[in-house]
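Engineer: Protein chains in written order, with full-length UniProt numbering: chain A, 1 to 572; chain B, 1 to 549.
Hints were generated in silico from the structure; no laboratory data involved. Keep in mind that the hints are not guaranteed to be accurate.
Output of the computed footprint for chain A on chain B, the stretches with three or more beta carbons under 8 Å from beta carbons of chain A [what the hints assert, rightly or not]:
#: 1; region: 13–25
#: 2; region: 212–218
#: 3; region: 235–247
#: 4; region: 255–266
#: 5; region: 518–530
Chain A side only, calculated, beta carbon under 7 Å to chain B, not exhaustive [unchecked claim]:
#: 6; residue: Ala53
#: 7; residue: Ile60
#: 8; residue: Arg211
#: 9; residue: Ala215
#: 10; residue: Thr219
#: 11; residue: Thr222
#: 12; residue: Leu238
#: 13; residue: Val269
#: 14; residue: Phe273
#: 15; residue: Arg395
#: 16; residue: Glu530
#: 17; residue: Gly556
Even glycine gets a Cβ: it sits at the ideal position worked out from N, Cα and C.
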Amino acid sequence: MALDEIVLATDFAVLIVAATVLSYIARLTKQPTIVAYVLTGLVVGPIGFGIVAEDQLIEILAELGLGFLLFLLGIEMRFEDIREIARPVAAIAFGQAILQAIASTAVALFLGFTLFQSLMIALATTFGATPIIVKVLGDKDDLETLYGKVDVGVLIFQDIYLVMALAILAVGSVEGIGEIAANIGRVFLLMGLIGLVSSLASKYFLPTLLRASAANKSTLFTVGIAWAFLFIFAAESLELSVEIGAFLAGLALAQLPYSTELKERMRPVTNFFIAIFFASIALQMEIDQLLAYWQEAVIACILLLGINFFIVFGLFYSQRFDIETSFLGTISMLQVSEFSLVLGALALEQEFIEEGILGFLSLMALITMPTSTYYVLYNRRIYAAVRPYLERLERDDPIETQPVEYENHAVIVGYSRLTSELADVLNDAVDEIVFIEDRAEHVSELQEADYGFIFGNARHGDVRQEANLAGAEVLVSDANRTDVNRRLVEDAPDALSIIAATTESESRLLRESGADYVVLKRGFIGEELESFLELLDDHHAFERHLTARNERARDGSPRTSDSSAPAGEYDV
Amino acid sequence: MYEILFALVVIFTLASIFLLVAAQTGLPVVPFYLLAGVLTGIVIDETQLLELAQWGIVFLVLLFGIHVDLEAFRSTGRISVVVSLLQASIVGALTAVVGLALGLTPLHAVYFAVAAALSSSLVATSYLEATDGARPTYERLAESIHFTEDVLGVVIVLGLSLFVYAATPAFEQFAVAVGMVVLALGFRYVVFHRLTARLEGDSEVMMLVGISLAIGFIALAEATNLSLIVGAFAAGIAIADDYPHSLELVDTIDDLEDFFTPIFFVTVGALVTIPTLETIGYTLALIVAVLLLNPLIVAFILLRTGFDGRTAVLTGLTLDQVSAFSLFIAIEALVAGLIIRPLFDGIVFAAAITMLVATYTSRHAGRINRVLRERGVVRLLGEPLDGRTRVREGLTDHVIVVDFQYGGRQIVEASSRLDRPMVVVEDNPVLFEDVRKACDNYVYGDVLNDRVWEQARLSEAALVISLTPERDRAETVVDLETDVPRIVRVRDSNSAAEFLERGVAGVIYPDSIAAERVGDDLRGLLEGELSRDAFTDRSEARFEVSSED
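Isolated chain A (complex conformation) (with noise of 0.2 Å):
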């Protein structure tokens, strides 16, 4: 752009107000969003009105969206989650790639498409709409399910080889084995590579460096986003995929107690890009393309999506899961991706294709990725139908794992002089006592605490949920908002909550809200003055009171209690 004038861009400003219209929409009508913002692309784009194009903000944006996205994934990645589940997940996505590769070519060839386009076709169409899956699996929260950790690991797979697949392709002709197994063993080289400095810097570099950065709202975010931004840097400019290299770099984060509040402070920022990349699908598309084979498109879906079912479900069976996961996990995974759109884009450049196949591919992708996001969606609601019909086949010994919540807890937001006393009075009533903190300077003290420490600002959903805050016996706030109060008070309608608040008014507020116990603690303090004056004409007793009062005072954990200012700096 030059510098001729400060306004907005037209295409992005008009995209994203028609993603919200029909997002909207898609809200009133219970629609998933992701059918509202693909069906902005179709409706803005060259397919609909034609009044946006995909510009080059608009083409940053969406890229980063998805990094972002599979950035997030990464975070909610913890090791000892994966490893139990990898050698199932590795078996399955080699026997979907095969197999489903071999379904493909031959429904390909049975529309009438010749040997080499149904082979390009087949490589095209076996991957998974990572995007779709992930963001309506994180939306419902079952990315910690045990399907959702299959499915996602499976994912991962299929971004390894849709990697080698473009280093194929980026060759420009099947002829150059040697040239295909050079550019294949320079990605393997390149990803281990990223993997081994993301591995490192998780161990060595990482905690110091976000301890460092938990001091302040914007730090930790910042920094997360440039470390994010590093590992998609160093991928897009070793010709990686971006995708991978935002996934690894979130798993260096995982690990560390700073990932909740990370991910949640990073979700809007993604939700916004990733509604661009969902809508920015169908602006690359016109329509005499989208058409060209049409009926072949239809029908390929729906024979695909029939075959795929049996293999993957069949594979997923094969691996000892339950019906249920094997179940939920196979349905995730119909679909026809984005990627398919990437690879005919680059196999149309080197002439592999021509453009009425791309057309082929983008329809598939266009009618499964809705499509797909309703299966999903109501996942467990098609599974209860078809159940009676599959029931016969339960194993006797399914892969199981347990999910870890908190039961009979205290949630205590805040780690304060009141919060702390308070934690020492529920020890015995309680089996768990959990904190949320965010202030950096509490981390190690908690860490260390026999109780369970969430790092994170009460305010984001997922960090509510993770404390189990619905199902806890108690609650004890020290937050200092009154709307974070609130919404932690409707949270746990059941627990017994007590709440501290600064004036009057918000005092009433969280009263109605229906805290149990409200902590005023100016009050207290004229309590305390009275029983000063009372005593002040005693000498002795008055000396006595003081004495104690300041005992207390003076001892007692924790000894600082705010985190804008550093001790004693400020001097005002």
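Guided by the hints, dock chain B onto chain A, whose structure is given.
Structural biologist: What follows is chain B alone, placed relative to chain A:
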């Protein structure tokens, strides 16, 4: 793609390094961003970042608009409007004259004057955020002055787009702008809640609604040749920040702002060219105006309106930096090709320098105030005294209470019940009426002033109680040369230990008192001595007796 990605990597990597430095040293981050921009300007082509950078302005102004809080404006509003208008016009006029004398064209002199006059900050509100609700007078006052100047900033942007950027000056556009604000207000009170209620807290769609509102108002502004800043401000007004939107929408936009503002400030820095003598001249002139003139004029006006010396000086010291709005205005002018480079660069440099100095002065405001008092500057500016003091002749054995607003109301009742006379020391003219009504004896003035203690008859007193949340005021009471026992409020165990060491008789640590009382109640509940209702009643009883906000 590759180039933009590279630029973003550079920006965010540098931004994180600087943020880490800022977090460790407590310095503000904007100057570092600007300096980072100057460095990165060598490596990256900043013009292609302008599109992204504009979103930085949009989100900054949008959030400011959202936080426009008429409630906070209520108590100190009128005074702060007077103060800011006087300050801005005096400093503006002076610097405009200097600018003209330096050979600037009238328009350039206007830019120059605006940069000197506006010293509010969207950025400074962050350090004015109080954590425990007990906020000293000067903070409240400063906040509402900053707020007024920010609004003034919007008005100046509006004025510039009406009379400078428009091809022909059009007064109708002023009506359009007013119409936009009215539209925004209407939207906020009529449409917004209906629109968002149906989203049932879906923060994803809610965020898009917020951004689209901004886009809509900006489009409206652009269609009528107004600045995008005016549009973003109106959009902010259209968004309500009450519960639960504060959690679901405002925080989300806040997070987005964190992404785009580094890009904005770094880009501004990157636009700076190598300084010439001319640039340095402008920078120096701005620094003098902003660092010296602004605080002095504000302090002077406040003293004239009846505030005590300390509040006046401390408030003045929050206004010693170049406003973020001046940067918006400068970049708009640069893009429109209406500002000369040396002046633009001077404004950016002055912003970076004054923001750094402002952190130093706000951190050491207490000491600066003491030094100014010792040198007689405060008296020179004209501190009022004696006029509002009433202490009964021959009062003895009384209790002196400093800053009784922070929980001392109860003590008034107790003192009359126990027949113990009391003297209140207060420095907030706004609260003074209350004090006059509630108490028999009071002294109006600054605790740093020895006269105040004489008037309060310290030597005859039985006890001094300081409830102030401000550390330097508390320290003054701690270090009083007297045998009268003093009880001082503290905010944590470390300062409790320190103050006891320094010789106070006792400390009041609200958190520890609350912990003890609530702990007793909770223990009672857990051991079955209290029913859940009785437990709740305990808390009810407490907040009925406590003071008003």
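Engineer: Now, for every hint given, state plainly whether the structure supports it.
Structural biologist: Right, here's what the structure says about each hint:
Residue count for the region 13–25 of chain B with a Cβ under 8 Å from a Cβ of chain A: 8. That meets the three needed, and the coverage hint holds. By the rule of at least three residues with a Cβ nearer than 8 Å to a Cβ of chain A, the coverage given for the region 212–218 of chain B holds, with 4 such residues. Figure legend: the region 235–247 of chain B, annotated as covered by chain A; annotation consistent (4 residues with Cβ-Cβ distances under 8 Å, at least 3 required). Proximity of the region 255–266 of chain B to chain A, defined as three or more residues with a beta carbon under 8 Å from a beta carbon of that chain, is established by the 5 residues found.
Counting residues of the region 518–530 of chain B whose beta-carbon sits less than 8 Å from any beta-carbon of chain A gives 7, enough to reach three: the coverage restraint holds. At a threshold of 7 Å, the smallest CB-CB gap from A/Ala53 to chain B is about 15 Å, leaving the interface hint violated. Satisfaction of the interface hint for A/Ile60 is found here, the shortest Cβ-Cβ separation to chain B being roughly 5 Å, below the 7 Å cut-off. The beta carbon of A/Arg211 is not positioned within 7 Å of any beta carbon in chain B (closest approach about 11 Å), and the interface hint is therefore violated.
Look at A/Ala215: its Cβ gets to within about 4 Å of chain B, closer than 7 Å, so that hint holds up. Below 7 Å, beta-carbon pairs count as interface contacts, and A/Thr219 has one with chain B at about 4 Å; its hint therefore holds. Below 7 Å, beta-carbon pairs count as interface contacts, and A/Thr222 has one with chain B at about 5 Å; its hint therefore holds. Taking 7 Å as the C-beta contact cut-off toward chain B, the hint placing A/Leu238 at the interface is violated, the least distance being around 12 Å.
A cut of 7 Å between beta carbons decides the hint on A/Val269: the least distance to chain B is about 5 Å, and the hint holds. Hint status for A/Phe273 relative to chain B: violated, with the closest Cβ pair at about 9 Å, above 7 Å. With a cut of 7 Å, the hint placing A/Arg395 at the interface with chain B is violated, because the nearest CB-to-CB distance is about 38 Å. A distance limit of 7 Å between C-beta atoms decides the matter here; for A/Glu530 the minimum to chain B is near 4 Å, and the interface restraint holds.
The interface hint given for A/Gly556 is met, as the beta carbon of that residue sits about 6 Å from the closest beta carbon of chain B, less than 7 Å.
Hints 6, 8, 12, 14, 15 from the earlier list are contradicted by this structure; the remaining hints agree with it.
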